[in-house]
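*Asks:* So the chains spell out like this:
6 protein chains.
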Amino acid sequence: MSGGLFIGRFQPFHLGHLEAVKFILSKEPAVIIAVGSAQYSHTPENPFTAGERVEIIQRTLRGSGIDLTRCSIIPVPDIGEHRLWVSRVISFCPPFKKVYSNNGLVKILFEEAGFDVEPVPFFNRQVYVATEIRKMMATGGGWRTLLHPSAVEYLESIDCERRLAIIMKEAGPDR
Amino acid sequence: MSGGLFIGRFQPFHLGHLEAVKFILSKEPAVIIAVGSAQYSHTPENPFTAGERVEIIQRTLRGSGIDLTRCSIIPVPDIGEHRLWVSRVISFCPPFKKVYSNNGLVKILFEEAGFDVEPVPFFNRQVYVATEIRKMMATGGGWRTLLHPSAVEYLESIDCERRLAIIMKEAGPDR
Amino acid sequence: MSGGLFIGRFQPFHLGHLEAVKFILSKEPAVIIAVGSAQYSHTPENPFTAGERVEIIQRTLRGSGIDLTRCSIIPVPDIGEHRLWVSRVISFCPPFKKVYSNNGLVKILFEEAGFDVEPVPFFNRQVYVATEIRKMMATGGGWRTLLHPSAVEYLESIDCERRLAIIMKEAGPDR
Amino acid sequence: MSGGLFIGRFQPFHLGHLEAVKFILSKEPAVIIAVGSAQYSHTPENPFTAGERVEIIQRTLRGSGIDLTRCSIIPVPDIGEHRLWVSRVISFCPPFKKVYSNNGLVKILFEEAGFDVEPVPFFNRQVYVATEIRKMMATGGGWRTLLHPSAVEYLESIDCERRLAIIMKEAGPDR
Amino acid sequence: MSGGLFIGRFQPFHLGHLEAVKFILSKEPAVIIAVGSAQYSHTPENPFTAGERVEIIQRTLRGSGIDLTRCSIIPVPDIGEHRLWVSRVISFCPPFKKVYSNNGLVKILFEEAGFDVEPVPFFNRQVYVATEIRKMMATGGGWRTLLHPSAVEYLESIDCERRLAIIMKEAGPDR
Amino acid sequence: MSGGLFIGRFQPFHLGHLEAVKFILSKEPAVIIAVGSAQYSHTPENPFTAGERVEIIQRTLRGSGIDLTRCSIIPVPDIGEHRLWVSRVISFCPPFKKVYSNNGLVKILFEEAGFDVEPVPFFNRQVYVATEIRKMMATGGGWRTLLHPSAVEYLESIDCERRLAIIMKEAGPDR
Chain A
1 MSGGLFIGRF QPFHLGHLEA VKFILSKEPA VIIAVGSAQY SHTPENPFTA
51 GERVEIIQRT LRGSGIDLTR CSIIPVPDIG EHRLWVSRVI SFCPPFKKVY
101 SNNGLVKILF EEAGFDVEPV PFFNRQVYVA TEIRKMMATG GGWRTLLHPS
151 AVEYLESIDC ERRLAIIMKE AGPDR
Chain B
1 MSGGLFIGRF QPFHLGHLEA VKFILSKEPA VIIAVGSAQY SHTPENPFTA
51 GERVEIIQRT LRGSGIDLTR CSIIPVPDIG EHRLWVSRVI SFCPPFKKVY
101 SNNGLVKILF EEAGFDVEPV PFFNRQVYVA TEIRKMMATG GGWRTLLHPS
151 AVEYLESIDC ERRLAIIMKE AGPDR
Chain C
1 MSGGLFIGRF QPFHLGHLEA VKFILSKEPA VIIAVGSAQY SHTPENPFTA
51 GERVEIIQRT LRGSGIDLTR CSIIPVPDIG EHRLWVSRVI SFCPPFKKVY
101 SNNGLVKILF EEAGFDVEPV PFFNRQVYVA TEIRKMMATG GGWRTLLHPS
151 AVEYLESIDC ERRLAIIMKE AGPDR
Chain D
1 MSGGLFIGRF QPFHLGHLEA VKFILSKEPA VIIAVGSAQY SHTPENPFTA
51 GERVEIIQRT LRGSGIDLTR CSIIPVPDIG EHRLWVSRVI SFCPPFKKVY
101 SNNGLVKILF EEAGFDVEPV PFFNRQVYVA TEIRKMMATG GGWRTLLHPS
151 AVEYLESIDC ERRLAIIMKE AGPDR
Chain E
1 MSGGLFIGRF QPFHLGHLEA VKFILSKEPA VIIAVGSAQY SHTPENPFTA
51 GERVEIIQRT LRGSGIDLTR CSIIPVPDIG EHRLWVSRVI SFCPPFKKVY
101 SNNGLVKILF EEAGFDVEPV PFFNRQVYVA TEIRKMMATG GGWRTLLHPS
151 AVEYLESIDC ERRLAIIMKE AGPDR
Chain F
1 MSGGLFIGRF QPFHLGHLEA VKFILSKEPA VIIAVGSAQY SHTPENPFTA
51 GERVEIIQRT LRGSGIDLTR CSIIPVPDIG EHRLWVSRVI SFCPPFKKVY
101 SNNGLVKILF EEAGFDVEPV PFFNRQVYVA TEIRKMMATG GGWRTLLHPS
151 AVEYLESIDC ERRLAIIMKE AGPDR
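Chains as they are written, first to last, in my numbering: chain A, 1 to 175; chain B, 1 to 175; chain C, 1 to 175; chain D, 1 to 175; chain E, 1 to 175; chain F, 1 to 175.
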């Protein structure tokens, strides 16, 4: 059941991402949600582990009545070399024929590799922005309405606001 | 929906693995099938990519009437340092409480990290052995009855016998 | 002789760090001084090699009359994945039970792994700041009074001011 | 035929670099042009692959009538640890006795390893600046006169302006 | 001047490799000699550094009257993941259209990526075997007639027999 | 206090190693005991973590009345490229002038880098062999008399016999 690839870091997966998945499922028999930069966590850009992100996505899809049997959620670690990245994605994901992305670099890398790349319509682009959501978490602001309630429930169980507040303030032991 | 972790390389996922998944699902609300050594492929020990292995597992589960919504299939790349491997698995997988494995090293590594590790009953242990299945593929022998028919169909579509025959014969460009 | 862990990059180890070691030794039978980001050197953030940092620490402790037999000085290279970093520290260091740190990320990472984390009292926090010391070295300013005289002597023998001046000015061949 | 080492990222190789090669060939029997940061591409700092950079250099030298048999063009991937970088360069390049560089860090790293390091005279330093050339490419500006015509021809064949415009705008899938 | 790719580890480059290069140059305007596993040295399988191998190849080609301006000699480090290896080769090498190889794995990997792969006729296959040449070096046997005299001269200057004798006997510090 | 370098994997540190340290301390003001292959553990060749090995060495030296203030014990992770390994050792260790080793490869690598390398007299070479000690641990045999009693006490506290028995039997999750 070959499908469309939807790739992102999903830090975190919000309702805009959910709309994109619905859009792709309206066009394709299946969707592969590739969770990029999978090895990173506890940084301002990548606060959540791949496993936490998978959990958030599963809860959001399940809670929204999406048919999970049409969705593969696959962590893909960065390779650190853009020219090899498409091969890394292919290596980790079940077969796909088309790529859905609004990112220009994703577009040229996959096009250079011979793939069709289609945009996904933005759902309320000004509101659903992961960068802003991470900042709201760090400061305790109104991020809850931008995610699915079951994702919010999980994020509260791991005390995401405390984690974000800390990692946005300190460079951390690896620096 | 926290579940049990079932980890292996699944080169390839055979009917013995399927029985193990059924066993875990009889005990747990969900199973996380972690596809280890995810970055390797085209070697005698690891002939298939993580993506190909995910595809084989999805087809096998779907073809066997397993409820896919209770299963997460997660590629986990090796870290190359055993002492760090449990953290790598935790980092890539959604939350789990118990580990199912018959491998002694998996057992001590997860036990050192504070996890319960339970064995899975072997299903026809003399017959369902991935190492033997790979050898059979390389020589064209009777591997087809040891995998699910829809996995066999996929493996034939990627000409697995030719690949195995070649990689069992040659060290390859990386050596 | 299990002890307390004191972790930092120590670029360089100054008199504030020395006070922290004394504080830990007043509470614990032994201290493990873990030299983080051990593989890096010759950058603005990490000008000195792990070996040079070990030498500076040994000279400072010896010159201050600290009982060196109660101190382990252990380089710990970064792993690049925060979720695996505590396991890396454990893997490289002799056993420890408690962690001493004022860094929020160190605190949450070790707490998530089940460790007690205690702060160390800052010694003259406005004065003893490694970032400022590195800048002073680059511009020839008054860094000498902030380090132990035997550390200063060693740093002069490797011409630290010239190195800092250069690496603060140029991105270097690796960029 | 031992020669002089000329190391850079050559993103891209421009007429100032060409003059430097001519200068070195006036002093040495041969030149090794080491293409640093070889593994990176499709980023604002490193837009071109090592292979593309080798092609640009070969075309520039050939088009300028330089004796190619006196030139080795060698990609050298970064090691990520400055203290090991000189060994990495030595490991990848044919033997050399002298290093030509205007970069301060290259100078101290090679000097610490016992090499003579000589500066190369800048050719029109205000004009031939790779950073500026990359910006001009991104905005379609006047970069063509700063490179050799046969390099320009190649860069147009791979649509360098589109690539630069995109990668200067977006962080890319690896971030 | 797009050409044919000839890839190997060249440990060391012998007269059989030279004949293969001549064959490719009889069919193509240019040849790219990709020196694989470039980062390794001082092991039984890979005794010589990439730089030493480049030097041996340059001397052999020059000493045989081959037109060096038609040859690119490019070190390519292993990536450790076969599925990504073709992308790595493409990333490091100037453009090529056809691949010449007798290795089955090289053949399937490049064919999967859409390349034509042609065999090279073996020149005295029983005699020119790099594995045997390395063994002869370790025991002081008759390897000299199997390499070009100017390669032999260089290998003697770096005392290859001593190196091979030692590394064939001991596992080394990295094991 | 510059000293002599003594490098090994110390899996585990036995009474033969202790004699070597005593020998070096009879010749040098200080010794740097570099614990190589520091990142590995839980394998047949490298069963113990670097931290465990440091603990064993510290207990052995302390228990033998060695002046610990003359000893630095430094974990050094493998770099995977022999030609870079000496630089890695230098980068991680405090300054040293002479190297003590009986390993041929260590000898040529350090000699190529300009160091004096001296052998250490073997102490009962047939008896004190780490490879044999690991096998004895796996089978419960008489390894205890070959290590210092306080090292034995520690190794029993981490149940080394169980670990060795398991890792000698199974390839582990990383394979």
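Careful, some of the hints might be misleading.
DSS-like mimics (lysine-lysine), calculated; alpha carbons at most 25 Å apart, straight line [said to hold, decoys possible]:
#	chain 1	residue 1	chain 2	residue 2
1	E	Lys169	F	Lys107
2	C	Lys97	C	Lys27
3	F	Lys107	D	Lys107
4	E	Lys169	F	Lys27
5	C	Lys27	A	Lys169
Which stretches of chain F does chain D cover? Using the computed rule of at least three CB atoms under 8 Å from a CB of chain D, they are [said to hold, decoys possible]:
#	region
6	70-84
7	88-98
Don't read these hints as lab results, they were simulated from the structure.
Heads up, the beta-carbon is just placed ideally off N, CA and C, and yes, glycines get one too.
*Asks:* Within 25 Å, alpha carbon to alpha carbon, are Lys169 (chain E) and Lys27 (chain F)?
*Replies:* violated, 29 Å
*Asks:* For a C-alpha distance cap of 25 Å, please report whether Lys27 (chain C) and Lys169 (chain A) respect it.
*Replies:* violated, 29 Å
*Asks:* If you count the residues of the region 70-84 of chain F with a beta-carbon closer than 8 Å to a beta-carbon of chain D, do you get 3 or more?
*Replies:* holds (count 4)
*Asks:* Holds or violated: Lys97 (chain C) with Lys27 (chain C), Cα cutoff 25 Å?
*Replies:* holds, 12 Å
*Asks:* Please count how many residues of the region 88-98 of chain F have a CB within 8 Å of a CB from chain D and say whether that reaches 3.
*Replies:* holds (count 3)
*Asks:* Does the structure keep Lys169 (chain E) and Lys107 (chain F) at a Cα separation of 25 Å or less?
*Replies:* Holds: Lys169 (chain E) and Lys107 (chain F) sit about 13 Å apart, inside 25 Å.
*Asks:* Would you mind confirming whether the straight-line C-alpha gap from Lys107 (chain F) to Lys107 (chain D) stays at or under 25 Å?
*Replies:* violated, 29 Å
Hint compliance for this structure: hints 3, 4, 5 are not met, and every other hint is.
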